Amino acid sequence: QQQVKQSPQSLIVQKGGISIINCAYENTAFDYFPWYQQFPGKGPALLIAIRPDVSEKKEGRFTISFNKSAKQFSLHIMDSQPGDSATYFCAAIEHAGNMLTFGGGTRLMVKP
Amino acid sequence: DTAVSQTPKYLVTQMGNDKSIKCEQNLGHDTMYWYKQDSKKFLKIMFSYNNKELIINETVPNRFSPKSPDKAHLNLHINSLELGDSAVYFCASSHQGLNEKLFFGSGTQLSVL
Chain R
107 QQQVKQSPQS
117 LIVQKGGISI
127 INCAYENTAF
137 DYFPWYQQFP
147 GKGPALLIAI
157 RPDVSEKKEG
167 RFTISFNKSA
177 KQFSLHIMDS
187 QPGDSATYFC
197 AAIEHAGNML
207 TFGGGTRLMV
217 KP
Chain X
11 DTAVSQTPKY
21 LVTQMGNDKS
31 IKCEQNLGHD
41 TMYWYKQDSK
51 KFLKIMFSYN
61 NKELIINETV
71 PNRFSPKSPD
81 KAHLNLHINS
91 LELGDSAVYF
101 CASSHQGLNE
111 KLFFGSGTQL
121 SVL
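Taken in sequence, the protein lines are chains R and X. First residue of the first sequence: 107, per the numbering used here; consecutive thereafter. First residue of the second sequence: 11, per the numbering used here; consecutive thereafter.
In short, the hints are calculated from the structure, not lab data. You can take every hint at face value.
The calculated lysine to any residue pairs, modelled on SDA-like cross-linking and capped at a C-alpha distance of 25 Å, are:
| no. | chain 1 | residue 1 | chain 2 | residue 2 |
| --- | --- | --- | --- | --- |
| 1 | R | K148 | X | S78 |
| 2 | R | K148 | X | K54 |
| 3 | R | K177 | X | L108 |
| 4 | X | K46 | R | N128 |
| 5 | R | K148 | X | M56 |
| 6 | R | K111 | X | K111 |
| 7 | X | K51 | R | I154 |
| 8 | R | K148 | X | Q119 |
| 9 | X | K54 | X | I65 |
| 10 | X | K29 | X | A82 |
| 11 | R | K111 | X | T69 |
| 12 | X | K51 | R | M205 |
Predicted model, so just to flag it, every value in this text is computed and none were measured.
Kindly generate the complete structure, drawing on both the sequences and the hints.
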């Protein structure tokens, strides 16, 4: 049972465009939602995260939008660059359970 | 200095063999993990160790056994390797209570022939 569903599985965006990756969850006890970025041959690395008491968090070109009522959150990459080409994972954690649950990943390719 | 390092980077072996993957972290973290990433990039937690105690053990075959000689190391032993074990295995670490902020190693690509 996949507790965090991520879409799309793959995404191709032109340089300068906006990349949007969506995630949905079922467990209302989740209270922290990080995004991880993984480059080929490397392990995932924490990119940006949000708590459910805010609707948006922005760090540079990366923005998380959070809709608590819909149990959905998304990552927006503004002015996408070829160097952003990677696999992106959304995740969620219920601190009481202390287990990070990952979405299925999105392979992003930004074309020059 | 590499924060979380695991060896080997690549491991090619025959079915039925026993192999180990080593992991070391120099971040002073007290919780370490092993994740399996399949060919579709799906990440699944296998084990978690906190202060030498196993605190999460997902439903993985008992052919897989984690061993932690100290807080900075968590090795993964795999007995009687099967074709389906082929995957990338990632070691990760975190501070206790900050399990959402994982630091991953670069992975070990295991190929079972």
